[in-house]
Each structure stands twice: as C-alpha cells, then as structure tokens.
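Based on these hints, arrange chain B with the ligands on the given structure of chain A.
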Amino acid sequence: MQVSNMVVGQYYPGTSILHRVDPRTKIIAACAFVIVLFMVNGFEGLAVMGAGLAAVIALAGIPLPWLWRGLKPVLFLLVITLAFQMFLSGGEELWRLGPVPVYRNGLVQGAFLTARLLLLVLSGSILTFSTPPVLLTDALGRLMEPLAKLKIPAYELALMMTIALRFIPTLVMEVDRIIKAQKARGAVTSGGGLLVRARGIMPVLVPLFVMSFRHADELALAMESRCWRGGRGRTIRRKLAFSKKDAVFATAVLAVLAASLWIGRLQ
Amino acid sequence: MRLELENVSMVYQSGTPFSARALEDVSLTVEPGERLAVAGPVGSGKSTLLAILAGVETPTSGRVIHGTREISRRQTPPPGSIGLAFQSPENCLFEKTVYSDVSFAPRRQGLDGLEVRRRVENALAAVGMDPASMGQRSPFSLSIGEQRRVALAGVLAMEPRALLLDEPTAYLDPAARRDLIRQLVELNEQTGVTMVMVGHDMDELARFAGRLVIIDGGRKVAEGRAEIILTDSALLARHSLDPPGTVEFCSLLSAAMGDQVAPALSEEQTIETLMQIMEGKC
Ligand SMILES: Nc1ncnc2c1ncn2[C@@H]1O[C@H](COP(=O)(O)OP(=O)(O)O)[C@@H](O)[C@H]1O
Ligand SMILES: [Mg+2]
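Heads up: the sequence lines are chains A and B, in that order. The numbers in my numbering rise by one with no breaks, and the one at position 34 of the first sequence is 41. The numbers in my numbering rise by one with no breaks, and the one at position 66 of the second sequence is 75.
Looking at chain A on its own, in the form it has when it is part of the complex:
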C-alpha cells in the first residue's frame, strides 16, 4: 500500500469564480442538483444537466486527471450497474456477447442509471474539489444553525467534522510511517489467510490507536487551556457572506435545473 501517494482531501486549489462563491451556495446548489437528478426522466434531461455540470467543471479549471482521480473509487460501481442491467434485465434480446444475451431494455436502463450515478458523483466531487475542507464544515455548521433551536448541537457537530478532517492527513502520514517501520521489522500487512492478516494488522493498529488517543488528549487540553466552552456565545472570525457572485451562480444553476426538469418532464 502506497499511502503517501494518496492525495489527502480532494481540494484543488484555484481562484475561479466557483472557488470564490460562498460554500453555502455551493452546498445548496449541489443538493438541488441531486434532487432534480432523481426527478428527471429520459436522456434529454440528463444531457442538459451534464452540460451544465461540464460548464461548471470548465469554469473551475479542474483538470481531467484530477476528475478521474475522484471517479476511480466508484468506477467499479458504475460498471456493475451497467452490467447487471444489460445482462440480467430480460425482455427483447438486442445481440449476443458470446453466449450471453444483451437486452435492449436493460442496455437503455443501464446506461440511464450509470449516467445518473456518474452525474451524482461528479456533482458531489465538484463541491469538494472547489472548497477547502475547513470552509465546507464551516458552511455546514452555519446551514445547520437552525437545528440548534431543536437542541441539536449543530456547532459541535460542525467542529467535530472540522477536527476529523484536520487529522486525516496527520493520521495518513503516521499510518504510512508505522507501516514502513513495522515492515522493516518483518511485519506482514498484506497476503496470507484471514487470521494471518488479522494478526499482521496488530503492529499497525495498536500504535495507531495509542497515537490517536494521545492526539485527542493533547487537543482537548489545548482547547481547554484556551477557554473553549462549546458553541454558546461564540463569534465567528471568518465571515461567510452572500454576494453578487452567489446570485449569478445560483441563477445559472436554477436555470439549468429548470430547463432539465422541463425537458425531462416532456418525456
């Protein structure tokens, strides 16, 4: 396992308008996009949404290899979806792939589901590609603020997310170190039967837990010594503010969504 080659988080730094739009606008836009995605029927609607998404990707200046990187983990799911529909749906037979029949309905259905899934993953990725993790959790915290009235600790939840995100790179780096050190001592972390592998993971797992608890302890102490008292009466330094950019962006997204709904509904 080559952990250190992993890009931690997916943020792709940039200064495009998408990077500068308020993260709350982006979150709401992504949610709206996903909802509409499941309301639209037919390829025409999806095509309009896809075009809109492509425009946003181009606008953000995110290079294709980076996009590919975000897609790789779900590629398997996409292929499986397509294959299941294509081969197992039954109905009118379109052609034969060797001994296996491919069904017309299934192919169409599979392509539609795969395209929908692809757009779903891409829309979420665009959000994380163009927003630093800390801003993202800030925005989530702010969006959840009304929940505080229902005695749901919105601020604390957002803080937990921020802290978790903050420690991912640290832990990844430490796991990498630990794996390398234990391998140098002859520990095996891959191959072998289940029992061998389960035992092989102990030399990595135990140090990781010890270290995580130590980090948690130190962080708690540091926060307490700086008088952290939870979310009540807290003021915010990094102000999130809606601006003209947000209005423009939101209008554009709305237009695309409305168009795809209208076209999709005509089916």
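None of these hints come from the bench; they were simulated from the model. Among the clues, some could well be false.
Cross-link-like lysine-lysine pairs, in silico, DSBU-like; alpha carbons within 30 Å at most [said to hold, decoys possible]:
1) A:K79 to A:K190
2) A:K187 to B:K105
3) A:K79 to A:K187
4) B:K105 to A:K190
5) A:K246 to A:K156
6) A:K158 to A:K246
Over 10 Å on every C-beta distance to chain A, these chain B residues come out as not near it, computed from the model [as the list claims (entries may be wrong)]:
7) S142
8) G219
9) D241
10) T279
Everything numeric in this text was worked out from a predicted model, so none of it was measured. For each residue, glycine too, the CB sits at the ideal point set by N, CA and C.
Using the frame of chain A, we list chain B with the ligands on its own:
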C-alpha cells in the same frame, strides 16, 4: 554492508498541486562499518534521505544500492538486513511485554527459541536495559526514554548489517542522550555494524560521527571527516547549524587571546589544549 545513493531525487505527491521536492540529485556512499552522521536544518530532507537509503521509500529518480544489490519497489532489501528506526520509534511499540516486542522481528525471521532469547537479551543489554527486570513489563508503562530504548532494541534484535537512525535522541533528557550515543558507538566498535544517524545537535554528532554529511534544501552541501566539517563554523552557520560547544569555546578563546587556538571536538581535547596554553603562560 556498503550503502549507495546515485543521483537520487525525491518529489512527494508529484503531479499534484501539493507536490513537494524533498531531495535533489543526492549521491552518497556509506562505507561498511563506518559511523556516518547526516545533519541539516528542519525540513531539509534528512528523514527522506534515510528512508530512501533504507529502501522503504522509493525515490522519484536515481539508484539505491545495498552491497551489490540494486533496490527498487519490486526488489526490496532482504528482511533483517537493514535496521531502521524512524523518528520517535517508541510510537511503534505494540506488544504486551517488552520481551515480546523486542523479540517480534527475530520471531518473524523464524529463528528458534534459544536464538531469539539470546538476541533479545543482547539487544536489551546493548541499549543498557536489564532483560530480567524489564522483560515482563508492559512497554506502555515505561518512560519515553525507556520506551525509546526498547524500540531501538527491537530493531537491534534483527542483527541488521546496517543501522539507520532518525534523530534517536530527540525528546530525551541530557543524561539519556549521552548514554544512548555512548551505547551506539560501543555497539559499532564491537560488532562493526554500519551506522547512519540523522541529527542536528552538533555536540552529539561530534561524539558519534566519523564522517558527516550536511544537507540543506534537499541538496548535499558538504561531506567530509567529522573533525573538518564540525570545526568549520562558517560552513555550519551558512546552514543554520551551531558548531559543537567545544569548537565554539576554542574560537572564543582564540578571539580573547588574539592567538590561534586549534579547535577541539571533545571535552578531553579541550582540556588538553587549555593545559598547554596555561603551561606556556607560566
Ligand atoms: N509524506 C510526505 N508527503 C509530502 N511531503 C513530505 C512528506 N514527507 C516529507 N515531506 C516534505 O519533504 C521535505 C523534507 O522533509 P523531511 O525529509 O522530513 O525533512 P527533515 O527530516 O530534514 O526535517 C519537507 O519539506 C517536508 O514537508
Ligand atoms: Mg526528520
């Protein structure tokens, strides 16, 4: 075992906006049985150099050679040939007792019980720990200094042909630092195991190293016998390093007396120089 780096460069996370160049065209030969120190400011690439030298990290370009064998991602060093202790190796302790943690590597090497026992006892003794009284304690009940020594013993128990240590004395108290350096030097003299140590405390490196390499900004900027590099205050200052206390003392003495006093690398040598000066004066 001779360890060689040929024109090694390393870029972390290359091809991403986060790519970081850590080493640039470094060539280095570690002779069998020598004690080499690698010094440089924080972030200069020392740890990266050590990891590549050990064969656990693969360089972006360049060759790594252990003895006659070229090391690559597919061709890793034979198990047990290289003993590597990263910074704060005590973070990798995981067994229930000191004995089982130190014996982990020899057990993995498939040695028989008697040989494992011999190695554990030798390794613990080499770092100044008593196997009888410490063996059955939990490593997590020990002080950081003791944990560090247990972790180093765990590496020594492999009886590697080369021992690579990344700042082994960091976070230890002064007495523990001194002891550890003395034990490492003794081990090298008794067994002839090749040693490379990364550090930035020049007093310590003066007591340890036969030869010294300085890297700064990922490049090798100086290499030579310890007594030559460590007495070159101007060179050290250029790379944000302090000369050893004895060297600094001698240069202050030179300035005060308006006379050239030969810089000394050890307390004993300094005292000798002082005695000579005093005899000359009387
Ligand atoms: N796993 C890693 N991923 C990305 N950058 C790294 C990694 N490890 C080290 N670096 C970078 O490489 C440079 C050299 O680091 P390192 O070898 O740890 O230096 P030193 O040990 O001299 O302090 C630093 O700029 C550091 O930020
Ligand atoms: Mg280091």
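Hint by hint, here is what the structure shows:
1. With a C-alpha separation of about 28 Å, the suggested pairing of K79 (chain A) with K190 (chain A) holds against the 30 Å cut-off.
2. In summary, the hint linking K187 (chain A) to K105 (chain B) is supported, as the alpha carbons are separated by about 21 Å, within the 30 Å threshold.
3. Restraint check for K79 (chain A) and K187 (chain A): the C-alpha separation of about 26 Å stays at or below 30 Å, so the hint holds.
4. For the suggested pair K105 (chain B) and K190 (chain A), the alpha carbons sit about 19 Å apart, so the restraint of at most 30 Å is met.
5. Note on K246 (chain A) and K156 (chain A): the hinted pairing holds, with a Cα-Cα distance of about 21 Å set against a maximum of 30 Å.
6. At roughly 24 Å between alpha-carbon atoms, K158 (chain A) and K246 (chain A) fall within 30 Å of each other, so this suggested pair holds.
7. Interface exclusion of S142 (chain B) from chain A stands, the closest Cβ pair being 24 Å apart, more than 10 Å.
8. The beta carbon of G219 (chain B) sits about 24 Å from the closest Cβ of chain A, which is more than 10 Å, so the claim that it is off the interface holds.
9. At roughly 33 Å, the least C-beta separation between D241 (chain B) and chain A is larger than 10 Å, which holds for a residue marked as non-interface.
10. T279 (chain B), annotated as away from the interface, keeps every beta carbon of chain A farther than 10 Å; the closest lies near 38 Å.
Violated hints are absent here; each numbered hint is respected by the structure.
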